[in-house]
Amino acid sequence: MSRLQVKRRTVAGWMGLLVGALLFSALISCHGDVPQRLLRVGLSEEPRTLNIWLASDANSRKILAQVYQPLYTRHPETLKLIPWLAAQDPVYDEENISYTIKLRHAKWADGSDFTADDVVFTGKIIEAFKIPRYSSKWRAIKKIETPDDHTVIFYLKKPTAVFLSRALTAPMVSRKEWETVAQEAKKQEKPLRSLQNYEISNPMGTGPFVVKDYKGGAYLHMVKNPHFFGSGNTIGGHLLGPYIDGILFKFYGTSDVAVLALKKGNIDMFWWGLQPGYLDDLQKTTDVQVFHNQKSALYYMGFNLRKPPFDDVVLRQAIATIIDKEFIISRILQGYGTVLHSVVPPGNTFWHNPQVPHYGDGLSHDQRLKLAYDMLKAAGYSWAEPPVDANDKVVKGRELRLPNGEPMQRFTILTPPADYDPRRAFAGLMIQEWLRDMGMPAFARPMAFSALLQQVKGKRDFDAFILGYGKLNLDPDYVGTFFYSKQDKERGWNMSGYRNKAFDKLRNKQRGEMDQDKRKELLWEMQRILLEDVPYIPLYNPNVLEAARMDRFSGWVEKVGGIGNIWSYCVVRPLEG
Amino acid sequence: MEIRKFILRRLVEIAIIFFVIMTILFVLFRIAPGDPVARMVDPMWTPEEVEHVMSQLGLDQPIWTQYLYYVKNFFTGNFGVSFHYGEPVENIIWNRLPNTILLFTTSTILAALAGVFFGKIAAWRKGRKSDTWMTISALVCHTLFVPWFALMLVWILGYKVGWFPLNGIISPEVWVNENTNFLVKALDVIHHMLLPLMTLFVVQVGSYLLLMRSSMLGTLKEDYIVTARAKGLTEKVVRNHHAARNAALPVITSIGLSLAFSINGGALTETVFTWPGIGKELVFAVGNNDYPLAQACFLLIAGVVLTANLIVDVLYAYLDPRIRY
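Residue numbers (this note's numbering), protein chains in the order written: chain U, 1 to 577; chain D, 1 to 325.
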């Protein structure tokens, strides 16, 4: 074969390859046209399960929230509880300690009626299987009566303030879907596990969407539920659709790739909080809008009050004074967050007590150190080299000594690792440096998240830690839970080991107080006590940063927690043309 | 007969080693820091609810009882149910494994073939420009930081140029379209596979090239190469039939083990490309103390690696006439 022939063959080969590639791309792209009314949403990971009783990961819950619906939900703007599957507000009977609830004439996705019997069945399943997340809230119920198909009466064992916000916001399931499964599960050695392990590919709810197709690892396709009770009704100030035919959930392993997909137009919205670092780039991208909204979150530093030296309230108050929360917001959160002074975020306006002590608020670094120095000195602390010299100048303090004269021992501040949450990891480092300026031998130690939880909640063997709750219930009953003496046990929520009888009394009282205003007074007092005793130092509440394309859909509903919510999916509309 | 005895002896050894690995895995996961239910629970669960879940998962049992269940379940073919997925772990593994094998085994084979080919040429042309370039390129490929390189390819070829999809194994838009036929779906998978395949190929090819080159350089000094040349055989025959075949022996071991480990996937590559493989699941299971899933993944890897070792040993005897069992 001559050289010329070889060359010709090579050129022909390359040409063939090129033509093949072009045909290949054309063939795929003509089948990949996106229907105009199909919303494409990116998720950070795929849902782990579609079984409502097992779902504990964020993405499963995002999907299932479009399917299974509660009796009451939060108004997107006022955050008040409003009827959802219920037709009206509940009627409380003080004498019988009961709530009467009228139900909407809603239908399940298969067209069958949603009735009071389904509500009773949901209650029974929660009780029989002791379903975590719900069972402790439904334990308040003595009995449930159903005078007719659309009326339910809940009789409570005793007045329970959180009953509406905790029990009646649980998702309702259909007897038809679950009865046989539940009966089979009850016969097993591990009934709850059997129920949770039941594989479900097409969950049936009353929500705006139903799962049409789920290809593990690739996508989940939901289509509009033609029987959705909200369609055409105005609820929570919104005329509900859905106005889209469906939602195509696509999964992205990293935010980097998801952001590229959003910019390229492969998805219409990325349903995951973005780090501030992405914002500049996204804001410059045509057709992409960035949303930032408050979260109902609490990120804090906690102490182990069970052992010295953090059993001393003055030391905790001094540390609270030293920590510069504004700095954390401006530098670590890059301005996308709010300083927290109380354990109830300020966005939760009704329950937040703004009058709690604001340690070191508005002071400079030196002023904070001086103030903390004065507090500690007055309480009997001393230094090998004090952080404030004879000329009242702030210097680097060395070797803080406790009131008994012994040097403060090295202590660790446990934080999640930077790859899990860079903000908490860096906040830990900053706090370490500020405390060292005061002569405290602080060491921030990032630790794998589950190991950290085991150390703090399980073994309760630690000095201090930085943790957070990213999605707090809007009812602040958790204030009691986190600091109640009886929760100071292995796996209990009182991780700091805080014990205060006056606080416990208030906690119990507010749980049974049915008058909202009186309950608010009690919760304000609880917040005040906590911020006096500072078992936790509230640090910050980050904003949730999200991005969506505006060239195909409009009408996103912004609320606490962001634009990824059932309201948005019920009202978002395709752009004309 | 000898080879049969050898295989039989090795099979017994493998069974013992496998049992030891099984036990070590069990112990390692139990002593590793972390709480298996910590990541499953909602912040508002009560300690009683957590305890209830622990008992349902059998984690309230003494460690010996858990171990006996583990061994018994293994020998009855029951690998347990994932704590987080609520699905039998064998289902999860069988759903993910083909994706991993498709991508990682293909890339390993392609990289090994290319590495052996270019390594052979580089050694043959030792000291020349082509050798220098190939060696430097191989070193660069070998030291590439995979997530960075993968993201660069995604950014340039997926986003900027737009030749390839950014991630995933399929285009959901193509698959939800009811008119899409099988051919288009198959092409769609191939289209999605190209970018991760390219990444893995580039990252892997360097090490095979360097290994082959170094092995070949050693072989070229052997007497039988001189003899082959003295016999008047052509350079091509000496290189390909006499030198390369012998030099490939250590490479074969490496390829065998790499193929075995390829079922392990690569968590970083799978994460960047959202490739639904087993590597990501393995990392998830370990990070979240999902004992059944993590144990089953590791046992699978152990089983495949031990088997691959056996195959490589047998293959040696076939490739090298000097080795007899």
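Worth flagging that the hints you see were computed from the coordinates, not collected in a lab. Predicted, not measured: the structure shown is a model, and the values here were computed from it. Note that beta-carbon positions come from the ideal geometry of N, C-alpha and C, so glycine has one too. Hints may contain errors.
[Unchecked claim] Subject to a maximum C-alpha distance of 30 angstroms in a straight line, what follows is the list of computed DSBU-like cross-link-like pairs (lysine-lysine):
1. U:Lys263 / D:Lys236
2. U:Lys187 / D:Lys72
3. U:Lys215 / D:Lys236
4. D:Lys72 / U:Lys62
5. U:Lys80 / U:Lys124
6. U:Lys559 / U:Lys157
7. U:Lys212 / D:Lys72
8. U:Lys284 / D:Lys160
9. U:Lys224 / D:Lys236
10. U:Lys190 / D:Lys72
11. U:Lys158 / U:Lys102
12. U:Lys559 / U:Lys212
13. U:Lys307 / U:Lys284
14. D:Lys126 / U:Lys215
15. U:Lys143 / U:Lys518
16. D:Lys129 / D:Lys5
[As the list claims (entries may be wrong)] According to the in silico footprint, chain U covers these stretches of chain D (three or more CB under 8 angstroms from chain U):
17. 104–113
18. 173–180
19. 230–244
20. 308–315
Status of each hint after checking the structure:
no.: 1; hint: U:Lys263 / D:Lys236; result: 53 angstroms, violated
no.: 2; hint: U:Lys187 / D:Lys72; result: 23 angstroms, holds
no.: 3; hint: U:Lys215 / D:Lys236; result: 51 angstroms, violated
no.: 4; hint: D:Lys72 / U:Lys62; result: 38 angstroms, violated
no.: 5; hint: U:Lys80 / U:Lys124; result: 27 angstroms, holds
no.: 6; hint: U:Lys559 / U:Lys157; result: 35 angstroms, violated
no.: 7; hint: U:Lys212 / D:Lys72; result: 39 angstroms, violated
no.: 8; hint: U:Lys284 / D:Lys160; result: 16 angstroms, holds
no.: 9; hint: U:Lys224 / D:Lys236; result: 67 angstroms, violated
no.: 10; hint: U:Lys190 / D:Lys72; result: 18 angstroms, holds
no.: 11; hint: U:Lys158 / U:Lys102; result: 22 angstroms, holds
no.: 12; hint: U:Lys559 / U:Lys212; result: 28 angstroms, holds
no.: 13; hint: U:Lys307 / U:Lys284; result: 52 angstroms, violated
no.: 14; hint: D:Lys126 / U:Lys215; result: 51 angstroms, violated
no.: 15; hint: U:Lys143 / U:Lys518; result: 27 angstroms, holds
no.: 16; hint: D:Lys129 / D:Lys5; result: 50 angstroms, violated
no.: 17; hint: 104–113; result: violated (count 0)
no.: 18; hint: 173–180; result: holds (count 7)
no.: 19; hint: 230–244; result: violated (count 0)
no.: 20; hint: 308–315; result: violated (count 0)
Hint compliance for this structure: hints 1, 3, 4, 6, 7, 9, 13, 14, 16, 17, 19, 20 are not met, and every other hint is.
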